[in-house]
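Undergrad: Dock chain B against chain A, hints included.
Chain order of the listed sequences is A and B.
Note that the numbering used here has the first sequence beginning at 67, numbered continuously upward.
Note that the numbering used here has the second sequence beginning at -6, numbered continuously upward.
Any given hint might turn out to be false.
[What the hints assert, rightly or not] What follows is a list of derived Cβ distance ranges for each label pair:
#  : chain 1 : residue 1 : chain 2 : residue 2 : range
1  : B       : R574      : A       : A197      : 37 to 47 Å
2  : B       : D613      : A       : G244      : 48 to 58 Å
3  : A       : G310      : B       : E592      : 49 to 59 Å
4  : B       : D306      : A       : D317      : 27 to 37 Å
5  : B       : E248      : A       : F192      : 48 to 58 Å
6  : A       : R289      : B       : T198      : 33 to 43 Å
7  : B       : Y485      : A       : G244      : 33 to 43 Å
8  : B       : V608      : A       : G244      : 41 to 51 Å
9  : B       : E248      : A       : R289      : 53 to 63 Å
10 : A       : R289      : B       : E516      : 51 to 61 Å
11 : B       : T198      : A       : A197      : 40 to 50 Å
12 : A       : M330      : B       : E248      : 47 to 57 Å
To be clear, the hints were calculated from the coordinates, so they are not data collected in a lab.
For every residue, glycine included, the Cβ atom is placed at its ideal position computed from N, Cα and C.
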Amino acid sequence: MNAWIAAGQQLQFIEPSLKENPMATHGRLGRLDQLEAEAIHIMREVAAGFVKPVMLYSVGKDSSVLVRLARKAFHPAAPPFPLLHVDTTWKFPEMYEFRGRTARETGMELIVHVNEEGLAKGIGPFTHGSALHTDVMKTQALKQALDKHGFDAALAGARRDEEMSRAKERVFSLRTRGHRWDPKNQRPELWRLYNTHIRQGESMRVFPLSNWTELDVWGYIDRENIPVVPLYFAAPRPVVRRSGTLIMVADERMKLEPGEEPEMKRVRFRTLGCYPLSGAIESDADSVPAIIREMLSATYSERQGRVIDHDGEGSMERKKQEGYF
Amino acid sequence: MSAGPSPDGQEFRAYVNAREDREILRFITCGSVDDGKSTLIGRLLYESRLVFQDQLARVEADSRRHGTQGDNLDLALLVDGLQAEREQGITIDVAYRTFSTARRSFIAADAPGHEQYTRNMATGASTADLAVVLIDARKGVLPQTCRHTTILSLLGVRRVILAINKMDLVDWSRDVYDGIAATFGDFAKRLDVTDVTCIPVSALTGDNVTGPSAAMDWYDGPPLLQALESADLTTGLQSGPFRMPVQWVNRPNAEFRGFAGTVASGQVHPGDPVLVCPSRKASVVERIVGPDGNLDRAGAGQAVTLTLADEIDVSRGDIIASIAEPPSLSDQFACHIVWMHETPLLPERPYLLKIGTRLAGAQVTAIKHRLNVDNLEHTAAKTLELNDIGYCNIGLDRKIAFDPYRELRETGGFILIDRYTHGTVGAGMIDFGLWRGSNLTPHQLAIDKPARAAQKNQKACVLWLTGLSGAGKSATANAVEKRLHAMGRHSYTLDGDNLRHGLTRDLGFTAADRVENVRRIAEVARLFVDAGLIVLVSVISPFRDERRMAREMMEEGEFIEVFVDCPIEVCEQRDPKGLYRKARAGEIGNFTGVDSPYEPPENPEIVLKTAEQGVDEVADQVVDYLRSRVDVA
Chain A
67 MNAWIAAGQQ
77 LQFIEPSLKE
87 NPMATHGRLG
97 RLDQLEAEAI
107 HIMREVAAGF
117 VKPVMLYSVG
127 KDSSVLVRLA
137 RKAFHPAAPP
147 FPLLHVDTTW
157 KFPEMYEFRG
167 RTARETGMEL
177 IVHVNEEGLA
187 KGIGPFTHGS
197 ALHTDVMKTQ
207 ALKQALDKHG
217 FDAALAGARR
227 DEEMSRAKER
237 VFSLRTRGHR
247 WDPKNQRPEL
257 WRLYNTHIRQ
267 GESMRVFPLS
277 NWTELDVWGY
287 IDRENIPVVP
297 LYFAAPRPVV
307 RRSGTLIMVA
317 DERMKLEPGE
327 EPEMKRVRFR
337 TLGCYPLSGA
347 IESDADSVPA
357 IIREMLSATY
367 SERQGRVIDH
377 DGEGSMERKK
387 QEGYF
Chain B
-6 MSAGPSPDGQ
4 EFRAYVNARE
14 DREILRFITC
24 GSVDDGKSTL
34 IGRLLYESRL
44 VFQDQLARVE
54 ADSRRHGTQG
64 DNLDLALLVD
74 GLQAEREQGI
84 TIDVAYRTFS
94 TARRSFIAAD
104 APGHEQYTRN
114 MATGASTADL
124 AVVLIDARKG
134 VLPQTCRHTT
144 ILSLLGVRRV
154 ILAINKMDLV
164 DWSRDVYDGI
174 AATFGDFAKR
184 LDVTDVTCIP
194 VSALTGDNVT
204 GPSAAMDWYD
214 GPPLLQALES
224 ADLTTGLQSG
234 PFRMPVQWVN
244 RPNAEFRGFA
254 GTVASGQVHP
264 GDPVLVCPSR
274 KASVVERIVG
284 PDGNLDRAGA
294 GQAVTLTLAD
304 EIDVSRGDII
314 ASIAEPPSLS
324 DQFACHIVWM
334 HETPLLPERP
344 YLLKIGTRLA
354 GAQVTAIKHR
364 LNVDNLEHTA
374 AKTLELNDIG
384 YCNIGLDRKI
394 AFDPYRELRE
404 TGGFILIDRY
414 THGTVGAGMI
424 DFGLWRGSNL
434 TPHQLAIDKP
444 ARAAQKNQKA
454 CVLWLTGLSG
464 AGKSATANAV
474 EKRLHAMGRH
484 SYTLDGDNLR
494 HGLTRDLGFT
504 AADRVENVRR
514 IAEVARLFVD
524 AGLIVLVSVI
534 SPFRDERRMA
544 REMMEEGEFI
554 EVFVDCPIEV
564 CEQRDPKGLY
574 RKARAGEIGN
584 FTGVDSPYEP
594 PENPEIVLKT
604 AEQGVDEVAD
614 QVVDYLRSRV
624 DVA
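With the rest of the complex left out, here is chain A:
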């Protein structure tokens, strides 16, 4: 195993130490230092400006980075908000294992919310299709969870480089009473001055990683030794090819179609979500530096593996208007 494989390492508490200071070595901040400072600034504004904030935790690499940044922002205190995982019940088994570890090792409160109504109806991606499954188990479930706990701000790891409609998203994105996003009614954001004032029933989605790229996320994971779910690293896994996408046979709920035979392929995932909706890529990248090297020569954008973006033109924009974060 490579020393840089962060997945097997323990999350360490950041002990105060005289670490290398970019200001002392360069007299200025590099890209990652600037992005880190900006994210910390945003998280502190959220803590100071809202009554009951929460951090959305998706178990993915961006969430791992968010959690690390939150701990840095409030060190030596613990982050003044809990983590919320909206669980569709269709995640990879490795993700559930990793989620438990994160909660144990960070000591942060982890709230898990499942749309029980959807679960009772047996809604799933295989039987109901990706659009309905995502709407019921993710979008509606998120609204339920925010309403149930009365959270007025939700920090999330979305980035502007992920999808075209995100390029115009604000860092502090206002949602109406019904959690809808209105692209024509967003507040101007100037300087580092974020308006945290909302009316009763409104809420805010906040994206501290707005200006990060996928490569920045991996660079930061590398630099900070941040643990991530092992599924990001290439390994032999059983997959079948469906409509051009490699889907991993992760549990017994996946019924094989006639003629389908799982093959062991050396694959990894660039994004993680519900396993039936996450496309794998064939890869040999089994460490963080190998992933970075692979990305530097990548020809496909990260969201290409996300089945939900292919539901039709402008589909992410529509999902956001409906309350998807």
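TA: Positioned in the frame of chain A, the structure of chain B alone reads:
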């Protein structure tokens, strides 16, 4: 797998580290749709090989559907993100995109050049180190070029790259280029734009965008991308006076009390003497806790937590600053304000102001002039409409620490927040502090309000009657005052209509004048309350914000909002002064309920249903309310 250094090797490690240490240049692109701005950015992304194959496939499909370039790839479609605007073929908001080269990484803000231009441009420019202003070579310097450059100058963007586009359509003419460069240079000299680079380009063909142009061998300057890579980024922020607005007080246990914030300017070291402003308490920095542990210094842009040697009171909104070069203190400023909302700015209307991490109540006390951004002329103005820029005096409800905006954006730039919708309605840049307020020390009167009220055997208060014309405000006030008089109470009625013969004789009925009308009446009411009286105010006062302002001018419990609630149909039927008839006939304008809005109170202390109850009944209701509050009557 592609070839390249092994991920385990030193060479690869050094390469990755260098990528991560690159500086970020933030720039804004200004120009209208017709100037080919989206195409230019699309080409920068495309030629920097930052467009993935799946994105390209989507653009190819979209080019056939919405494209404006025939069978060619419409690169603007890479940039125009939202579905709605793709269909309309226009950009409608500020978009941010990241791209990078071996030397630098870039965050490009793209603001549309037409509708909403001022608001969006100001937003994009607020964080920009540099601007790329696009000009159509066939059209030359237009009023909109001046508009863009003026806004850049106001927002403190000193470096401008003038990209003279569509050179392919003027036969790559050097004379055209020279003429435009000279005209623009003359205009820029009148502004705070100190560093101008002119580049002839064609976004369509790619000439001088990422590489040199064979068609324009007469141009010996850098192509656009190279100019962006080599632009001077020194801002003087690191060498400026130390400033850190406090975001958050970090107090996990009794041993640790730290002040978290992002350093806005300068450097700080353990042992440095500092001043906490505006309280002006001095202390010494004990530790600097960075994201990874204690630091021996911190500079502009770093997010840190400071601990101080002394147990002094520090809270969110304060600025920890250099003791040798402290910020100024004031509660009144001269400033430029960019108005960003459909509801106009009204002088004297109360807003919230956020500067750094400080929140304060604010009112524009005077609009000195409106700036015409096309030609820099000043015009008189009573209000500021959406996209207007005004030079104003603004007053706050407390003294704050600040620096002039031209010296430091972080401690001189502010936003204005609507107190009702909580939307961001304006942005401002402080020019200088006004000292009038601080030179006046209130004279302490020997006899105070409680003494005056006690002599009258009562507690003073304001009954603020608000409602439509004809709702019964004046009749109710009369009836209530008669009862109070009979009870031996000392009272006075301020009637909006009567006061218009004197105190407010110079005011009309526009929204701006209505705000000033209410402010004056509230000030008089406050004096009368100070004199120990029970004051009845009878004035339409249609806006929530001003009623709230009046409430906040009084002490807790002194302001009693009485909503004289009568449906407009009933008021119109009564029409005691024949005003509704005139308003409907169009003889008088700005009439509340007809062509001017009435915002009903949200939580009034008393609601009087004057359509259903007689005047005696409602007067009793008011008096009963006063009796129920022993501290009042």
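Undergrad: Please name the hints from earlier in the document that this structure breaks, with their numbers sorted from lowest to highest.
TA: The structure conflicts with hints 1, 2, 4, 7 and 9, although it agrees with all the remaining ones.
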